[in-house]
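Based on the hints, put chain C in the right spot on chain S.
Residue strings, one per chain:
Number of protein chains: 2
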Amino acid sequence: MRSSILVQKFGGTSVGSIERIQSVARWALDSQARGERVVLVVSAMSGDTNRLVSLATQVDPIPQSSEYDLLIASGEQVSVGLVTLAINAEARKRGLALPQGRAARGLLGHQIGILTDSVYSKARIRAIDTSVLEREIERGVIPVIAGFQGVDDEGNITTLGRGGSDTSAVAVAAALRGRYEQVDCEIYTDVDGVYTTDPRLCPKARKVARISYEEMMELASLGAKVLQIRSVELAAKYGIPLHVRSSFDPVEGTWVVAKEQLGESMENVVVSGVAADAAQVKWTLQNVPDQPSVAARIFGALSEAAIVVDVIVQDISQQGQLTVSFTVGQADAAKTRQVLEGLKTADFRDLRIVERAGLAKVSVVGVGMQNHPGVATQMFKLLAQSDINIELITTSEIKISCLIDGNRTRDAVQALHSGFGLDRLEGVV
Amino acid sequence: MRSSILVQKFGGTSVGSIERIQSVARWALDSQARGERVVLVVSAMSGDTNRLVSLATQVDPIPQSSEYDLLIASGEQVSVGLVTLAINAEARKRGLALPQGRAARGLLGHQIGILTDSVYSKARIRAIDTSVLEREIERGVIPVIAGFQGVDDEGNITTLGRGGSDTSAVAVAAALRGRYEQVDCEIYTDVDGVYTTDPRLCPKARKVARISYEEMMELASLGAKVLQIRSVELAAKYGIPLHVRSSFDPVEGTWVVAKEQLGESMENVVVSGVAADAAQVKWTLQNVPDQPSVAARIFGALSEAAIVVDVIVQDISQQGQLTVSFTVGQADAAKTRQVLEGLKTADFRDLRIVERAGLAKVSVVGVGMQNHPGVATQMFKLLAQSDINIELITTSEIKISCLIDGNRTRDAVQALHSGFGLDRLEGVV
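Heads up: the protein sequence lines correspond to chains S and C, in order. First residue of the first sequence? That's 1 in this note's numbering, and the numbers climb one at a time after it. First residue of the second sequence? That's 1001 in this note's numbering, and the numbers climb one at a time after it.
Treat the hints with care, as some may be off.
SDA-like mimics (lysine to any residue), calculated; alpha carbons at most 25 Å apart, straight line [said to hold, decoys possible]:
{"no.": "1", "chain 1": "C", "residue 1": "Lys1122", "chain 2": "C", "residue 2": "Asp1411"}
{"no.": "2", "chain 1": "S", "residue 1": "Lys335", "chain 2": "C", "residue 2": "Gly1101"}
{"no.": "3", "chain 1": "C", "residue 1": "Lys1207", "chain 2": "C", "residue 2": "Asp1411"}
{"no.": "4", "chain 1": "S", "residue 1": "Lys204", "chain 2": "S", "residue 2": "Gln414"}
{"no.": "5", "chain 1": "C", "residue 1": "Lys1344", "chain 2": "S", "residue 2": "Gly95"}
{"no.": "6", "chain 1": "C", "residue 1": "Lys1335", "chain 2": "S", "residue 2": "Gln22"}
{"no.": "7", "chain 1": "S", "residue 1": "Lys335", "chain 2": "S", "residue 2": "Ser303"}
{"no.": "8", "chain 1": "S", "residue 1": "Lys93", "chain 2": "C", "residue 2": "Glu1304"}
{"no.": "9", "chain 1": "C", "residue 1": "Lys1093", "chain 2": "S", "residue 2": "Gly95"}
{"no.": "10", "chain 1": "S", "residue 1": "Lys237", "chain 2": "S", "residue 2": "Lys335"}
{"no.": "11", "chain 1": "S", "residue 1": "Lys93", "chain 2": "C", "residue 2": "Ile1062"}
{"no.": "12", "chain 1": "C", "residue 1": "Lys1093", "chain 2": "S", "residue 2": "Pro61"}
{"no.": "13", "chain 1": "S", "residue 1": "Lys122", "chain 2": "C", "residue 2": "Asp1411"}
{"no.": "14", "chain 1": "S", "residue 1": "Lys93", "chain 2": "C", "residue 2": "Pro1061"}
{"no.": "15", "chain 1": "C", "residue 1": "Lys1093", "chain 2": "S", "residue 2": "Ala89"}
{"no.": "16", "chain 1": "C", "residue 1": "Lys1344", "chain 2": "S", "residue 2": "Ala89"}
{"no.": "17", "chain 1": "C", "residue 1": "Lys1204", "chain 2": "C", "residue 2": "Ile1398"}
{"no.": "18", "chain 1": "S", "residue 1": "Lys93", "chain 2": "C", "residue 2": "Lys1344"}
{"no.": "19", "chain 1": "C", "residue 1": "Lys1122", "chain 2": "C", "residue 2": "Pro1061"}
{"no.": "20", "chain 1": "C", "residue 1": "Lys1335", "chain 2": "S", "residue 2": "Gly101"}
For the record, the hints were derived by calculation from the structure and aren't laboratory data. Small disclaimer: the values here were computed from a predicted structure and weren't measured.
Pulled out of the complex, with its shape left as it was, chain S reads as follows (with noise of 0.2 Å):
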């Protein structure tokens, strides 16, 4: 086993223009000068990734082949080129001694070998082949790796879907985790930690210093955009500790870890954080046969379309006619009314489909939780004081999550976040 690896992962605002990836390149070779053998993942410049999605959308509103995630995975190639480009100058600058001529070696997906499965736009990472990184590695120069993308089997390439970077970044660590005695990962962004809320729907939000895998997956599946969840996942798995910070400040961030490794204070609190989802659009599907196999026909249609169902609620059969509700994401709208409307021609004749958009999630999570009952029923009061409509409700162990009007989600979040003592919560930074 060889010494320890910093692998640092760069959001979008934080290589969002030329300054910051100059920025980062600086900050890239501090480390490095304090001793650090350091692995940079970077996301597209931000706004880019957008720029691209509108154009593929402009062309085929729903772009069904891996072309899309050749088109789109062009971004962090922009991204890596320039950020390797910036560490090669700022060392030329520096006067560094540079090994084979270089300070810094830019690598894609398909150039490390980072093979995924091909569910274009969603992928999943299958293996990482770490012998490029190593190679590089030890020559003492930083590997730049395009985050968000990988290859499959045929050679096509693959992206991981929004925030897919965070996911590259803690797959990079697990991977190099058997060669090198001890692997961490920095993940900036631009906020300098998790929030007890989001600080832009709610002036009183305060900054956490530790939380658990558990309740950040939950928070980041519920709209705290902070971490893609499957990096979550994934970290939990292979125990990585993740430390998510600002690349604008160097104070010190939130530390992500497992639940032994979270203080006394966290495990006192009933609810940790209030997150929100904007841009949900809930489909009702009326007259729906009441036979056994008719929601994994319905679900099974929509997964194949590789569209994530959140909330699913379906009422009592009523003369053996049943009633399913669920919502999508905004973005997987068009492809769900066509998978919808494809179901209504082959099986189901009678199907009505009621679609509503506009709507936000907000739930309120907590490890707390699972010992104090009445946590829903004091969500819903506060709600209801705010004269706020439910629209469907979903619970698990560790959340709690109304289904709102898209226009009162900064009420809510602000009721929930006084109501349930967050305001004033101490110990908690």
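Just chain C now, kept in the frame of chain S:
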């Protein structure tokens, strides 16, 4: 040997917007519907490469590594993705029976093995593996290939230099030539053919119906930016007729063919075209020691840095000291300055470097020139009559070039076009 193949190359303006990309998609499918087996080669959307180059040079004024190529190759990746998505969308709209569920497949340089050397940003194609291409063609799928890019032995992405997509297209045509009975190559651009001079500089410019590879090469190297010179060279070598035409207007364009296939009319014309190359920088090196190895040392260092030196003039030696002048394009000016300063420090301590930017090269070209003495004299006279000073002169068998003040380019081109009778040339169009 199997039937025929039509390689269609679309330049930056031809894929410069969503509308243009959709028009390319319709055009390709229309060609296919007529029974053609089509292979597409596409450039980056117009402006995109400039945007990427500007980003790179902001990070590093003289980008030195393969990451520069990795970065700027992303432009073609975007247009490959968009054109492929557009063809597939259009095919679905037309209700075509789609082999493998798709009408087109996007392919990057590394995915079809466009193998090049490692001279980054000016790489040369060594070989193309046609197996993937042939498989798609035989399936009835249209391959959409990224122009401008390849991959070297080590898996690094390389690019072929400005206009390199033309060369990609001709190289693909040449590679397929051994496998199919007939391979034609259409170059779609924003002009409807090759003109006697640049119509933006001279309103009396006229379209040429047929032109020889040789003349086209001289015109290409002289700044008529219709075709990259290496693509013409390659087309001549493999005898591939090029049809240069507009993607905005279906009229017949200009055929670039072997001299033997040229009609009579052109051969009788003394000067068949006037070219202008803007943004030239002239370097004058004074106090160069007059030793045999000196020229090799200077121009060797420049060519190692992959700088293309154009005109070279050497004065007669005076007291063991030489004066050497040469020109390079503005884009290579910073790199040239660095190389020359390096030489001064290393070998030539007395060297005086004089740099003069803002020049232009105007040239007259014609295969008929060889049998007509006095063309040079007439050119100097025409420029003198317009009060235009000549900085440098250089000649070949079928062209004469003069370096002049860049601000006088338009006047010079118009004077030469009229003076050599091109305004009223018969039988050209």
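Status of each hint after checking the structure:
1. The straight-line distance between the Cα atoms of Lys1122 of chain C and Asp1411 of chain C is roughly 33 Å, outside the 25 Å bound, and the hint therefore fails.
2. Distance check on the hinted pair: Lys335 of chain S and Gly1101 of chain C sit about 17 Å apart at the alpha-carbon level, within 25 Å; holds.
3. Taken as a hint, the Lys1207 of chain C and Asp1411 of chain C pair is honoured in the structure, with Cα atoms around 20 Å apart against an allowance of 25 Å.
4. Between Lys204 of chain S and Gln414 of chain S the CA atoms are separated by roughly 8 Å; this keeps the pair inside 25 Å, and the hint holds.
5. At roughly 21 Å between alpha-carbon atoms, Lys1344 of chain C and Gly95 of chain S fall within 25 Å of each other, so this suggested pair holds.
6. Distance restraint check for Lys1335 of chain C and Gln22 of chain S: the Cα-Cα separation of roughly 21 Å lies within the 25 Å cut-off, and the hinted pair is therefore satisfied.
7. A threshold of 25 Å between alpha carbons decides the hint, and for Lys335 of chain S with Ser303 of chain S the separation of about 11 Å falls inside it, so the pair holds.
8. Taken as a hint, the Lys93 of chain S and Glu1304 of chain C pair is honoured in the structure, with Cα atoms around 22 Å apart against an allowance of 25 Å.
9. Taking the CA atoms of Lys1093 of chain C and Gly95 of chain S, the gap is near 59 Å; set against the 25 Å cutoff, the hint is violated.
10. For the hint linking Lys237 of chain S to Lys335 of chain S, the alpha-carbon distance of about 32 Å lies beyond 25 Å, and the restraint is violated.
11. For the given pair, Lys93 of chain S sits about 13 Å from Ile1062 of chain C by alpha-carbon distance, which is consistent with the 25 Å threshold.
12. Pair hint Lys1093 of chain C plus Pro61 of chain S holds up; C-alpha atoms about 12 Å apart against a cutoff of 25 Å.
13. Taking the CA atoms of Lys122 of chain S and Asp1411 of chain C, the gap is about 58 Å. The hint is violated against a cut of 25 Å.
14. As the CA atoms of Lys93 of chain S and Pro1061 of chain C are separated by approximately 12 Å, the hinted pair is consistent with the 25 Å bound.
15. This hinted pair does not check out: Lys1093 of chain C and Ala89 of chain S have alpha carbons roughly 49 Å apart, beyond 25 Å.
16. With a C-alpha separation of about 23 Å, the suggested pair Lys1344 of chain C and Ala89 of chain S falls inside the 25 Å cut-off, and the hint holds.
17. A C-alpha spacing of about 22 Å is found between Lys1204 of chain C and Ile1398 of chain C, which places the hinted pair at or below 25 Å, so the restraint holds.
18. Distance hint between Lys93 of chain S and Lys1344 of chain C is fulfilled; the C-alpha atoms sit about 21 Å from each other, no more than 25 Å.
19. A distance of roughly 17 Å separates the Cα atoms of Lys1122 of chain C and Pro1061 of chain C; the hinted pair therefore holds under the 25 Å criterion.
20. For the proposed pair Lys1335 of chain C and Gly101 of chain S, the alpha carbon gap of about 17 Å is at most 25 Å, so the pair holds.
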